[in-house]
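K.L.:
Sequence:
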Amino acid sequence: MYRHLAELRRSGKLPAEPRRAPPADLDTCFLPDALYKTPGQGAVLTHFPNGESLTIFNGHEGWVVFPGRPQHPLEGADLEAAKMDSDLHFPLDLKTMFSEFKAAPPRRSASKKHFRFWARIRDKPAVELYFDEQSGLLLRLVRYAESPLGLYPTQIDFADYRDDQGVKIPFRVTTSHPGSSSTFQVEQVQQNVPVDDSKFAPPATGSGREKP
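According to this note's numbering, the sequence shown holds residues 1 to 212 in order.
Because the hints were derived from the structure by calculation, they are not lab data. Worth double-checking, as some hints may not be accurate.
[Claimed, not checked] Here are the simulated DSS-like cross-link-like pairs (lysine-lysine), alpha carbons at most 25 Å apart as the crow flies:
hint	residue 1	residue 2
1	Lys124	Lys102
2	Lys124	Lys199
3	Lys199	Lys113
4	Lys83	Lys95
5	Lys113	Lys102
6	Lys113	Lys95
7	Lys168	Lys113
8	Lys168	Lys124
9	Lys95	Lys199
10	Lys83	Lys102
11	Lys113	Lys83
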């Protein structure tokens, strides 16, 4: 069961490098801070050993900055992905976000039974959505970006849902690309806290902050 969120702040741990099997611990990790604010704003600051990276979406535009590199505007599929990721009410906004929505044949799952759907935004590649058959919670999202080599998939798995002030929040989010994956483990959630709009402003011109 989801309810309207005004603002949400999350902090967690991100494994330092992709692993084929789930890590036994998260001692070696990057520490991100994630800020989300309705309607559809998001900012993720990740603390790497050589500096900090920043991904921002202000509801209309987005930017990404890596340590020692100039800022880069988000465009095309990257911008659409940032918009989707920054939507706190994503499961509630499906009908307004997607122009086409239809049921798809289920696929075998080693863990839970699920419902599977295809959703499409205008002329973009379809997105696959997997919902738990009993709880109705979103288990998996698979989206595709067009590339010179064909469709490039990104799979996002949502797990470890916990109730926080009446809201079901996934405390473990795993993002997978061909040949790599990373896991975001939430340690703390703060709801309805003030988040200034300046947090979602374009990064200062120049490169990301790099440690000496």
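K.L.:
For every hint, state whether the structure bears it out.
P.N.:
Right, here's what the structure says about each hint:
1. Lys124 - Lys102: 15 Å, holds
2. Lys124 - Lys199: Measuring from Cα to Cα gives roughly 29 Å; hence the hint is violated.
3. Lys199 - Lys113: Violated, because 39 Å separates the two Cα atoms, which is more than 25 Å.
4. Lys83 - Lys95: The hint holds at about 15 Å.
5. Lys113 - Lys102: Between Lys113 and Lys102 the Cα gap is close to 18 Å, so the pair holds against 25 Å.
6. Lys113 - Lys95: 23 Å, holds
7. Lys168 - Lys113: Given that 25 Å is the threshold and the Cα spacing comes to 19 Å, the pair holds.
8. Lys168 - Lys124: 29 Å, violated
9. Lys95 - Lys199: Violated - the C-alpha atoms of Lys199 and Lys95 are around 29 Å apart, more than 25 Å.
10. Lys83 - Lys102: Holds: Lys83 and Lys102 sit about 21 Å apart, inside 25 Å.
11. Lys113 - Lys83: 28 Å, violated
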